Amino acid sequence: MNQFQYVRANTAKTAIGALAKDPSAAFLAGGTNLIDLMKNGVTAPPKLVDINPIPLTEIKKQSNGLYIGALATNADVADHKLVLQNQPLLSLALNAGASAQLRNVATIGGNMMQRTRCFYFNNPDLPCNKRQPGSGCGALEGYNRMHAIFGASSQCVAVNPSDMSVALAALDATVLISGPKGDRRVLFTDFHRLPGEHPEKDNNLMKGELITGIEIPDNAFSKNVHYLKVRDRSSYAFALVSVAAALNIKNNTIKEAQLAMGGVAHKPWRPTEAEKYLVGKPANEATFKQAAEIAMQNAKGLKYNSFKLKMSPNTIIEALRTASGIA
Amino acid sequence: MSLMDTKFFDSKAVEGLDRVDGRLKVTGAARYSAEFPIPKLTYGVLVTSTVAGGKIQSMDAKKAEKAPGVLAVISHFNAPQIPGYSEGSNPAKGQTTKGQPLRIFSDDTIYFYGQPVALVVADTLERAQFTAGLVQAQYQKTSFQTGFDANVSSADFPSQAKNRNSNGDYLRGEADAYKTAPVKVEAEYVIPTEVHNPMELQSIIAVWDAPDKVTVYDKTQSLKGVQGTIAQAFKIPVENVQVVATYVGGAFGNALRTWPHEIAAVMAAQKVGRPVKLVISRDQMFTMVGYRPYTWQKVGLGATADGKLVGISHEAISQTSTYEEFTEGTVNVSKFLYACPNVNTRYKILPLNVSTPTWMRGPGEASGAFALDCAMDELAYQLNLDPIELRLRNHADTDPERNLPWSSKYLKECYQEAADRIGWFKRNPKPRSMKTEDGMLIGYGMGTGSFSAGRSAATASIQMLADGTYTIQCATTDIGPGTATAMVQIASDVLQVPVEKIKFQLGNSSFPKAPSQGGSSTVSTVGSAVTAVCVSLKNKLGELAIGQGEAASVKPADLTFANGQITSKDQSIKIAYADVLKKHSLPTLDVTEESKSGDERRKYSFYSFSVHFVEVNVHPATGQVKVKRVVSCADAGKIINHKTAGSQVIGGAIGGIGMALMEEAVIDDRFGRYVNNNLADYHVPVHADIPAIDAVFIDKKDPYINPMGSKGVGEISLIGMAAAVANAVFHATGKRVRDLPITTDKLV
Chain A
1 MNQFQYVRAN
11 TAKTAIGALA
21 KDPSAAFLAG
31 GTNLIDLMKN
41 GVTAPPKLVD
51 INPIPLTEIK
61 KQSNGLYIGA
71 LATNADVADH
81 KLVLQNQPLL
91 SLALNAGASA
101 QLRNVATIGG
111 NMMQRTRCFY
121 FNNPDLPCNK
131 RQPGSGCGAL
141 EGYNRMHAIF
151 GASSQCVAVN
161 PSDMSVALAA
171 LDATVLISGP
181 KGDRRVLFTD
191 FHRLPGEHPE
201 KDNNLMKGEL
211 ITGIEIPDNA
221 FSKNVHYLKV
231 RDRSSYAFAL
241 VSVAAALNIK
251 NNTIKEAQLA
261 MGGVAHKPWR
271 PTEAEKYLVG
281 KPANEATFKQ
291 AAEIAMQNAK
301 GLKYNSFKLK
311 MSPNTIIEAL
321 RTASGIA
Chain B
1 MSLMDTKFFD
11 SKAVEGLDRV
21 DGRLKVTGAA
31 RYSAEFPIPK
41 LTYGVLVTST
51 VAGGKIQSMD
61 AKKAEKAPGV
71 LAVISHFNAP
81 QIPGYSEGSN
91 PAKGQTTKGQ
101 PLRIFSDDTI
111 YFYGQPVALV
121 VADTLERAQF
131 TAGLVQAQYQ
141 KTSFQTGFDA
151 NVSSADFPSQ
161 AKNRNSNGDY
171 LRGEADAYKT
181 APVKVEAEYV
191 IPTEVHNPME
201 LQSIIAVWDA
211 PDKVTVYDKT
221 QSLKGVQGTI
231 AQAFKIPVEN
241 VQVVATYVGG
251 AFGNALRTWP
261 HEIAAVMAAQ
271 KVGRPVKLVI
281 SRDQMFTMVG
291 YRPYTWQKVG
301 LGATADGKLV
311 GISHEAISQT
321 STYEEFTEGT
331 VNVSKFLYAC
341 PNVNTRYKIL
351 PLNVSTPTWM
361 RGPGEASGAF
371 ALDCAMDELA
381 YQLNLDPIEL
391 RLRNHADTDP
401 ERNLPWSSKY
411 LKECYQEAAD
421 RIGWFKRNPK
431 PRSMKTEDGM
441 LIGYGMGTGS
451 FSAGRSAATA
461 SIQMLADGTY
471 TIQCATTDIG
481 PGTATAMVQI
491 ASDVLQVPVE
501 KIKFQLGNSS
511 FPKAPSQGGS
521 STVSTVGSAV
531 TAVCVSLKNK
541 LGELAIGQGE
551 AASVKPADLT
561 FANGQITSKD
571 QSIKIAYADV
581 LKKHSLPTLD
591 VTEESKSGDE
601 RRKYSFYSFS
611 VHFVEVNVHP
621 ATGQVKVKRV
631 VSCADAGKII
641 NHKTAGSQVI
651 GGAIGGIGMA
661 LMEEAVIDDR
671 FGRYVNNNLA
681 DYHVPVHADI
691 PAIDAVFIDK
701 KDPYINPMGS
711 KGVGEISLIG
721 MAAAVANAVF
731 HATGKRVRDL
741 PITTDKLV
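Protein sequence lines correspond, in order, to chains A and B. Letter 69 of the first sequence, counting from 1, is numbered 69 in this note's numbering, and no numbers are missing. Letter 447 of the second sequence, counting from 1, is numbered 447 in this note's numbering, and no numbers are missing.
Hints listed in this document are in silico derivations from the structure and should not be mistaken for laboratory results. One or more of the hints may lead you astray.
As the list claims (entries may be wrong) - Calculated Cβ distances over 10 Å to all of chain B for the following chain A residues:
#, residue
1, 6
2, 17
3, 20
4, 22
5, 37
6, 58
7, 59
8, 88
9, 237
10, 253
Unchecked claim - Each computed DSBU-like pair below joins lysine-lysine, with the alpha-carbon atoms no more than 35 Å apart:
#, chain 1, residue 1, chain 2, residue 2
11, A, 47, B, 62
12, B, 25, B, 700
13, B, 298, A, 310
14, B, 746, A, 39
15, B, 626, A, 300
16, A, 289, B, 271
17, A, 250, A, 223
18, A, 300, B, 746
19, B, 746, A, 289
20, A, 281, B, 626
21, B, 555, A, 39
22, B, 746, A, 303
23, A, 47, B, 63
24, B, 628, A, 303
25, B, 643, A, 281
26, A, 39, A, 21
27, B, 626, B, 643
28, B, 626, A, 303
29, A, 250, A, 61
30, A, 39, B, 55
31, A, 289, A, 223
32, A, 310, B, 583
33, B, 25, B, 63
34, B, 224, B, 298
35, B, 503, B, 701
36, A, 310, A, 223
37, A, 39, B, 66
38, B, 746, A, 276
39, B, 626, A, 223
40, B, 555, B, 700
Note that this is a predicted model, so its numbers are computed, not measured. Note that the Cβ used here is the ideal one computed from N, Cα and C, for glycine as well.
Modelling step: build the complete structure from the supplied sequences, incorporating the hints.
Okay, structure coming up:
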């Protein structure tokens with residue numbers, strides 16, 4: 001672990017200012033991922049700007065949706081009445097992630113910034129383009145059981161490990177960002193990015209920018225939702241495949257459908273063609289099967305993760321079935 | 001009076017005495033090896049190799065040596081000579097391996113990835129950790145091999161076996177008789193590398209008390225082993241080495257040997273002239289303290305149409321390191337578990353560029369039982385016979401390997417009891433035939449476990465004070481089973497005094513000799529010594545009570561010992577134990593006794609037995625397996641403490657579930673290194689994976705093994721469990737997964 005400076009910021013402004021002065025510094029929120037990465041030598045910021053004192057923990061109803069401050073903890077959000085009432089899918093996804101201990105300290109903003117759990121990224125003496133651009137992708141020809149089947153590049157086949165982000169992608173959330181040049185809003189689905197030629201960039205956050213919160217627009221997804229996570233053990237394991245399914249069903253007809261998949265791509269994966277297919281169809285097994293098949297177009301397996309080509313559609317069908325409430 | 005005549009627990013059923021050290025453990029007052037507050041303590045952090053084979057060319061330690069608080073950067077370039085290394089002796093030697101144990105910092109050879117190449121010693125842990133990152137080693141890489149499949153043709157018989165006839169192959173009757181049997185099964189099974197990963201990391205504090213005298217606070221299952229190894233390595237008298245392991249936070253076998261990092265800590269403490277604490281890191285737990293080796297097995301079973309075994313063939317190949325041969329009893333279980341006229345086994349090892357494996361709970365027998373009892377299940381399905389019925393038809397009434405009667409065997413009772421409890425006979429045996437209301441596939445499976453019930457020599461001392469309290473000492477350890485608790489109960493029962501009056505001290509090499517805590521034999525071995533020393537104390541008290549006076553005509557045989565009081569038949573003597581000491585103005589009464597096995601070992605075959613039943617649910621679409629119920633029934637002789645023994649069975653079952661469904665240490669052969677060497681990526685079960693486990697004991701005394709009649713529980717609680725889970729998964733899904741772990745991707 002490197003030696004580093006530690007400062008606290010009481011406001012977003014001072015935090016952003018601190019990073020503007022020292023671009024190689026990093027924000028510290030819950031620290032559940034960053035500190036591990038520092039301990040393992042994966043990253044070595046010379047300065048940590050602790051943003052925990054900033055009052056960004058609020059969860060509130062706004063005119064057009066739900067606002068959640070970036071420093072609200074995963075546990076607080078998952079158990080919050082407004083979340084349970086309005087966006088139960090988010091609660092399901094949060095509770096499927098990590099362990100109770102981690103959820104107690106991990107924050108919403110930090111969760112979005114979580115780095116991949118790719119073995120090669122996390123071991124500094126193995127090649128990884130994400131950790132060290134140009135060093136090669138260890139996983140491409142290596143032990144890639146956990147890796148991507150959608151949207152990967154020859155540079156990187158890593159997946160985003162967050163459960164929460166899968167739900168937020170499905171719910172069309174918006175990310176609130178403050179930076180040296182002011183505030184901006186980014187659609188959640190545009191926040192994370194695919195690896196392409198620059199796997200070192202997980203997302204579109206610009207240098208020195210701070211996530212201050214998220215907004216989830218009001219929707220009709222308070223009833224027919226499900227988050228299904230397939231994993232190697234019942235808790236404290238990352239998704240092999242996960243599916244967030246949000247349906248609006250009227251008279252057994254699907255009026256709206258929003259889906260996102262985890263454990264399959266460098267970002268939460270929205271199978272938009274499958275969503276389009278679902279709309280207007282009856283909520284039944286045949287519909288779900290067809291949607292799953294559409295969702296899997298362009299999926300590509302690697303040596304150790306080909307099982308995801310079968311596990312993913314099965315998980316989509318199961319998630320839709322549970323969300324719709326059909327037996 | 002013969003020890004075997006000692007009456008045990010006949011009058012009262014001993015249920016679960018709470019652990020005598022339970023309060024200390026849960027309140028944090030129990031002191032583990034790394035927690036001893038030692039003045040002037042320094043901290044060591046190991047730097048490890050980043051290549052899997054080659055030579056260390058150079059090492060840049062300049063920056064590190066100048067870093068704040070650094071006292072030494074030790075590598076083979078500057079390490080003090082370990083006196084024992086130069087003699088060709090094997091200072092870091094285990095008991096069963098052949099070859100040259102890794103001599104830390106003695107030359108430039110790299111045998112495996114993660115091998116220690118330097119030790120940084122600093123005044124704080126943080127400084128030592130930081131500085132370890134500054135040490136830069138340059139390697140001359142050579143080719144290395146870590147892939148099992150790619151190298152399996154290089155497997156060979158262990159050297160020890162080569163010195164014997166037939167390379168250690170076992171043959172009873174005709175070889176490969178299964179091939180011509182009316183019904184046969186032939187299948188291959190794979191156990192991946194599994195790592196012990198106890199909660200407590202391997203840790204040691206080394207303190208030189210004088211130039212030729214050292215104390216180590218060490219995580220170990222073998223006080224005398226560490227003591228002897230350090231004495232030999234540093235050429236100091238054995239009695240000048242004190243090893244303290246008051247508490248051990250789990251071990252499962254990985255603290256049976258003295259490992260190179262322990263030698264390094266002692267060496268470093270000598271070099272810097274201050275105590276050194278060395279706690280290895282979680283990733284180092286994968287490469288420095290052994291593991292269950294990757295093992296390939298092939299089992300052939302042949303039977304008559306009515307389910308009598310005609311032939312068993314069992315072949316295994318296990319990985320070992322290139323510098324030591326590790327062997328274990330992988331194929332042993334096939335020689336004795338079932339009655340069969342024709343049995344042949346073969347065991348080979350495959351040296352790879354990895355560190356040396358070691359025993360991991362159940363050791364080889366657990367790997368072997370997985371293959372054998374899965375094959376038995378396959379055979380039962382081929383025969384269209386209930387798996388229990390198949391086992392009953394092939395029950396070994398005597399030990400077919402040694403041609404001896406069993407000392408005791410209640411395996412049939414185990415089958416019956418456990419089958420009843422789980423509702424085995426209500427199942428529909430057809431695969432994929434049972435479902436829950438919400439569509440989960442239900443599966444039932446079972447497996448058998450067996451492990452040698454050992455007893456070796458141990459010595460215990462007892463000191464009785466005039467206030468009627470007793471302190472027993474023995475250089476055994478407690479890696480979790482509750483050793484002191486069981487010993488206090490045994491002493492209480494022999495002495496006939498309340499448990500509160502008795503203290504059992506362990507975890508110090510200066511106490512009377514005991515063997516390593518391994519192979520499920522501590523209660524048997526140490527319990528016998530405790531019995532012996534308590535009987536001896538009673539005899540002494542009796543002699544003193546009779547004394548020289550008017551009672552001198554009373555014969556010792558006429559004395560009864562009950563409720564802390566000695567009474568003679570004629571009532572002329574009626575005296576509390578403590579008053580005997582007072583009467584003779586004795587401040588204490590001290591006795592030491594050794595106890596060991598005898599002739600019975602030649603007359604009988606001693607084994608513990610277990611049966612595991614499992615119910616699983618498997619998701620038909622995602623393949624996710626959930627263990628819903630477990631019943632484990634053990635024939636482990638007389639159970640001293642149902643609560644602690646039950647906990648051992650529960651722990652073993654959890655270990656077996658992990659083995660069956662999750663555990664797998666993966667090496668990327670291109671780099672020769674583990675990729676999932678942390679507890680987030682190397683999966684063991686979490687609470688949510690484990691249902692309530694029903695641990696049952698037959699609880700019948702073995703008449704020959706030891707005075708208590710107790711056999712071991714530790715290994716048999718895991719052995720056979722993985723087979724039970726795998727067989728349950730087959731029943732649920734119709735899919736045979738023969739390579740562990742049975743992860744969801746193999747079932748989807």
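Hints and how they fare:
1. 6: holds, 13 Å
2. 17: For residue 17 (chain A), whose nearest Cβ neighbour in chain B is about 29 Å away, the distance exceeds 10 Å, so it holds.
3. 20: holds, 28 Å
4. 22: Holds, because the least Cβ-Cβ distance between residue 22 (chain A) and chain B comes to about 21 Å, which exceeds 10 Å.
5. 37: holds, 12 Å
6. 58: Non-interface label stands for residue 58 (chain A): nearest chain B Cβ at 31 Å, farther than 10 Å.
7. 59: At roughly 27 Å from the nearest Cβ of chain B, residue 59 (chain A) sits farther out than 10 Å, so the non-interface label holds.
8. 88: Non-interface label stands for residue 88 (chain A): nearest chain B Cβ at 20 Å, farther than 10 Å.
9. 237: Answer for residue 237 (chain A): violated, closest chain B Cβ roughly 6 Å.
10. 253: Correct as stated: the minimum Cβ-Cβ distance to chain B is 24 Å, above 10 Å.
11. A:47 to B:62: Judged against 35 Å, a Cα distance of about 25 Å means the pair holds.
12. B:25 to B:700: holds, 31 Å
13. B:298 to A:310: Answer holds: residue 298 (chain B) to residue 310 (chain A) is near 30 Å, not above 35 Å.
14. B:746 to A:39: Status holds; Cα separation ~34 Å.
15. B:626 to A:300: holds, 29 Å
16. A:289 to B:271: At roughly 69 Å apart (the allowed maximum being 35 Å), residue 271 (chain B) and residue 289 (chain A) break the hint.
17. A:250 to A:223: holds, 11 Å
18. A:300 to B:746: holds, 18 Å
19. B:746 to A:289: holds, 22 Å
20. A:281 to B:626: Answer holds: residue 281 (chain A) to residue 626 (chain B) is near 34 Å, not above 35 Å.
21. B:555 to A:39: violated, 72 Å
22. B:746 to A:303: Holds. Residue 746 (chain B) to residue 303 (chain A) sits at ~14 Å (cutoff 35 Å).
23. A:47 to B:63: holds, 22 Å
24. B:628 to A:303: holds, 32 Å
25. B:643 to A:281: violated, 58 Å
26. A:39 to A:21: holds, 25 Å
27. B:626 to B:643: With Cα atoms ~26 Å apart, residue 626 (chain B) and residue 643 (chain B) stay inside 35 Å; holds.
28. B:626 to A:303: Given that 35 Å is the threshold and the Cα spacing comes to 27 Å, the pair holds.
29. A:250 to A:61: Distance ~26 Å between residue 250 (chain A) and residue 61 (chain A) Cα, so the pair holds.
30. A:39 to B:55: Distance of about 28 Å is within 35 Å: holds.
31. A:289 to A:223: With Cα atoms ~21 Å apart, residue 289 (chain A) and residue 223 (chain A) stay inside 35 Å; holds.
32. A:310 to B:583: violated, 84 Å
33. B:25 to B:63: Roughly 42 Å separates the two Cα atoms, so the pair is violated.
34. B:224 to B:298: Given pair residue 224 (chain B), residue 298 (chain B) is violated - Cα atoms ~38 Å apart, limit 35 Å.
35. B:503 to B:701: holds, 26 Å
36. A:310 to A:223: holds, 28 Å
37. A:39 to B:66: holds, 22 Å
38. B:746 to A:276: Given that 35 Å is the threshold and the Cα spacing comes to 32 Å, the pair holds.
39. B:626 to A:223: holds, 27 Å
40. B:555 to B:700: The given pair, whose Cα atoms are some 33 Å apart, holds under the 35 Å limit.
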